[in-house]
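Peer 1: Residue strings, one per chain:
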Amino acid sequence: MSVVDVAIRKLLRADDRHFELDVAFASTQRRIVLFGPSGAGKSLTLRAMAGLLTPDAGHVRVDGRTLFDDAAGVDLPARERGVAYLFQDYALFPHLTVAQNVAFGLHRGWLNAPRHTKDERVRHWIEALELGGVAASYPARISGGQRQRVALARALVSSPRLLLLDEPFAALDPALRGRMRSELLALQSRLDLPMLVITHDPADVEALDGHTIEIRDGRVGHD
Amino acid sequence: MPLALTLKVALWATAINLVLGVAVAFGLARWRSPAREVVDSVLTLPLVLPPTVLGYYLLVLFGRRGVFGEWLDRLGIELVFTWQGAVAASTLVAFPLVQKAARAAFEAVDPQLEDAARVLGLREASVFFRVCLPLAARGITAGALLAFARALGEFGATLMIAGNLPGRTQTLSVAIYAAVQAGDDRTAGVMVAVISVTCVAALLLAGWLAPGHLRRVRP
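Chains as they are written, first to last, in the numbering used here: chain A, 1 to 223; chain B, 1001 to 1219.
Derived by calculation from the structure, the hints in this document are not laboratory data.
All residues carry an ideal CB built from backbone N, CA and C; glycine is no exception.
Just to be clear, a hint being listed does not mean it is correct.
[Said to hold, decoys possible] Calculated from the model, a selection of chain A residues having no Cβ within reach of chain B, i.e. all distances over 12 Å:
1. A57
2. A113
3. R123
[To be verified] Label pairs and their computed distance ranges (CB to CB):
4. R141/A / L1003/B: 36 to 46 Å
5. L191/A / V1200/B: 33 to 43 Å
6. R1064/B / W110/A: 38 to 48 Å
7. L76/A / L1075/B: 56 to 66 Å
8. G82/A / R1032/B: 28 to 38 Å
9. G132/A / L1003/B: 32 to 42 Å
10. R1036/B / L11/A: 23 to 33 Å
11. W110/A / R1032/B: 42 to 52 Å
[To be verified] Only some residues are given here: those of chain B computed to face chain A with a beta carbon under 7 Å:
12. L1120
13. S1126
14. G1189
15. W1208
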């Protein structure tokens, strides 16, 4: 059974320009890399998988579970997809502490977690990603590498079925990039969590060593 | 006591605008339609129309023989010559100040943060209360304080709908006008001093609140 099975079409218009996304790919591997230049449609594909963009047609299946299928009339909202999303610049909530950010997805009501949350899962992920020293800090006060680890902890705390990563290393300086790549790989194999990474950087493709799918001009490239 | 009445009216008007202005602002910030700017212009009218015109509109709409008069009557609400009428006048006049500030604040919230909250499992209502509202709170607070100061000084529309009944609808600005008309310059002077000091206090409070909030949002 494939880990991901994606076929989506979407026509986007803005003023007089338009862009047609028409990608289809499937993979049985637990590490998938979508590789291509910026503007190729990688992020749109990721957004469609997460439920943040509704395709015109096609389907999105993860682990055999249908998240979107226009023919069958299925379109699960983002909150029910069980898919975690790591944004390129992490999208940490600036008004919440590191611990509150990590706890964000655990409570789905109208109130944010208290500043001193005692949730066991939050503590576990803060320990696991070595964020103990900054748990009470705000995102603006921590380093780039720490920000990425907060975003990872926040994504992983609700046990997703798939982790989507949008250019996870682009916001880091080159010295840090290598270290974060190996940290991510170690974490992924420890959790055995399927992940799909998009990148324009050939060095990422080499380091991640997964099923690489090339995307150009809104289409899957054939080499 | 005109001061107590004025504060009561201004506080009510600010509270109503906090709910109404914030709700309308959030709707407008999200609404993708060419009609949006038309609606925004109409909602901004209270800033530029003469208060007497606004008072006239209130009478036509909510007076006893007004369009919604019977409807209000059934709810037991009477706006003409009551302090509730003064609240309606102040609310209308100060509405754009809250709405404009709140809309700008909502539009400044990074949409990606809302997406992050959705992917993390939140419904739209929770996204609003946990992401949009806290991040826009500073701008909304600033708008609300301006609205409060504006409501404190409301004169024209209040006089049109609530009248000038000492002890019942006579707010400070109306009482000042009445005192000057009666040649009672001493009383007028005292009340002018009171309203000036109250407004300075409100503006100081605004200055004190805003940076405090800034510290929380951007540590």
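Peer 1: Of all the hints given earlier, name the ones this structure violates by number, lowest first.
Peer 2: 2, 5, 7, 9, 11, 14, 15
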